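J.: For this one, chain A is given, so just place chain B on it according to the hints.
Number of protein chains: 2
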Amino acid sequence: MRVTRREFSKLGAMGLAARMLPVVSAGAQSGERKVGYCVIGLGTIADHFMRGVQGSSNSKITGLVSGHRDKAERIAAQYGVPKSSIYSYEDMDKFRDNKMIDAVYVALPNSMHAEYTIRSAKAGKHVLCEKPMSTTVSEAEAMIAACRDAKVQLMIAYRLHYDPLHLKAVKLIKDGALGKVQTINGAFGFDASPTAWRLNKALAGGGSLFDVGIYVVNACRYLTGEEPVKFTAVTSTIDQDGRFSTMEENVSWTMKFPSGVLATGSSTYGAQMPGYFKVFASKGWMEMSSAYGYDGAKLRASFWGGEKGSPHMEIDEASTEKDPVQFTREADHFSGCVLNNKVPKSSGEEGLRDMKYIEEIYAAAGTVQG
Amino acid sequence: MRVTRREFSKLGAMGLAARMLPVVSAGAQSGERKVGYCVIGLGTIADHFMRGVQGSSNSKITGLVSGHRDKAERIAAQYGVPKSSIYSYEDMDKFRDNKMIDAVYVALPNSMHAEYTIRSAKAGKHVLCEKPMSTTVSEAEAMIAACRDAKVQLMIAYRLHYDPLHLKAVKLIKDGALGKVQTINGAFGFDASPTAWRLNKALAGGGSLFDVGIYVVNACRYLTGEEPVKFTAVTSTIDQDGRFSTMEENVSWTMKFPSGVLATGSSTYGAQMPGYFKVFASKGWMEMSSAYGYDGAKLRASFWGGEKGSPHMEIDEASTEKDPVQFTREADHFSGCVLNNKVPKSSGEEGLRDMKYIEEIYAAAGTVQG
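Chains as they are written, first to last, in our numbering: chain A, 1 to 370; chain B, 1 to 370.
In isolation and in its complexed conformation, chain A is listed as follows (with noise of 0.2 Å):
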């Protein structure tokens, strides 16, 4: 495929140009080269990753941005940081030029993902950005076009995208195994503190749907391969203690797929819920618990071998991954991105796509979000 000059550069404004170029990064040797990572945030998530990237071969913590400088030159030493690769919220934007920052992980509050992701990229770094990616649909936009115009890779950290259990699961559907998938039920929660930030909404965004519930959005959407196109929702608040000033407590959802396969999702910020997926298909069905874990999730199933009747399979495997390991293979997989300059499978349009189904839901409750 020949592509002249001029239509290089229309290439280029439509974000497709870097795709196209062969690999000439500093990257290019394989195993060589780590991606520097500089975390944005520096909460219990991001000592998850910070741990997971020890795991990586391809990447490696060169940078932190706090408002904690004691925890921040902490942490740094820890991970062989330098004391210059420290920056605050406010001076963040110097990292321009520290040439051994290549990506930033975004492990802010999700009120703050849009804003550090935007000006990570006019930095001219490459984002990782926790999930959700934002807080409303406009917002997340803005990132994808911001990492667009700045030619850098986004990236949202749906772990399990790359966890291989979660992928078995999806090839049993793909290889039709299970059949004809009917219907996925799946849920996930936790009686959330009332100190925490995801009961602030400012910080937060809404409520337990964003944080957790999104897991549930997003396995349908992989284990179907489908996207929703119909919606409907209820909301409640039982506990009257004032954490749920802001925000509702539970959310319960329907999500019809274009196959005609339909989803229940329930989520809540005020019961013990262990996150799983039922999928119930005409040759059988399969679920997972504690499905949305850093670890200890168990995969079962019991479906016919072949057409009905034939002998009958059953598969009942425990993760033997260990926490960190997601968060390694999430930095694996972006850091290969970035040094081929590939787009990540949970691409910033991924990400995009669950906040406009988290608004659809919020919409169909009749609860406004955002």
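Computed footprint of chain B on chain A; a stretch qualifies when at least three of its residues, placed anywhere within it, have a C-beta under 8 Å from a C-beta of chain B:
#1 261-275
#2 278-289
What follows is a set of in silico ranges between Cβ atoms, one per label pair, in the way DEER data are often shown:
#3 B:T320 x A:T320: 32 to 40 Å
#4 B:S193 x A:T320: 38 to 46 Å
#5 A:H312 x B:G124: 46 to 54 Å
#6 B:K122 x A:G366: 45 to 53 Å
#7 A:S259 x B:R96: 51 to 59 Å
#8 A:T195 x B:A202: 55 to 63 Å
#9 A:A77 x B:K168: 50 to 58 Å
#10 A:K230 x B:T44: 33 to 41 Å
#11 A:H312 x B:A145: 43 to 51 Å
For the record, the hints were derived by calculation from the structure and aren't laboratory data. Owing to the predicted nature of the structure, the values given are computational and were not obtained by experimental measurement. Glycine is no exception: its CB is placed at the ideal position from the N, C-alpha and C atoms.
T.: Okay, now just chain B, sitting in the frame of chain A:
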């Protein structure tokens, strides 16, 4: 409490007089008398019931109604029913004068429940009717009125209202062991044979929601002890093999209860969908799988023993019930009600409520049934 004759007549019209009467029936000598059942319809579930009755201390099979005389005679011989107590659907009403028959068990396709309940009541027989009670709310109301007018008891055969493991689940919630219930998920369905009466809307009244989804609706009600007030729903048909020309293949729905508890439900005639419920609450969770079958149910739960942080409790209990014990318990209960002039726990009013909710769910899905 004193009741005048005039007041008593009024109560009679309201169907309440019977409950106030002293026990004067022949059943007063408990353990002496067995309630005689005429089984109407000799399909699969009737077989379970008749075997169940053999284990009952206060019930016996004393009549059969069938369109197949040969089959009826074979079964009559098996259960010691005299040939004179075998009826056809046409001449069934003659059993009015058969003193051996106190009650009927209506085990016909859904669309025939109303007619045969009303004919039996008019013949002076107490009625144990399979679920779903009917195919429409108005039929269910007519059934209740007919039994009230005839001063006979009406029970809907909700087996699980009498099942020890389900009662244990209800008690765990009622006692507060799980804390505040926030969300319930449930499903039940199977891949229905193209020749089943269930796929004939004229006989079934509607789709899988009537036959199997009803278990999920009912379970959410007895688990919470509340009546749902808001519904959303969606239906679909994936298989284009002609099976689903008169009804949908899949239905999924949400229900909201007055306290704020949210529930999701799914049912299908196109997939392997082992029945389950999951309850998510502030102090823990509970789930029953293979929840709606004749035996084999397992209850699992995990919750704080006291306040949060107190010792953790785990329940992992398999039902010791073996089919047809659920039917024995059901017959025991109804016979006790007949003998002692008591309203059954799973009364006609209980069945009517589910019919209303089924209509609400189909209405929410934009699908008119019945």
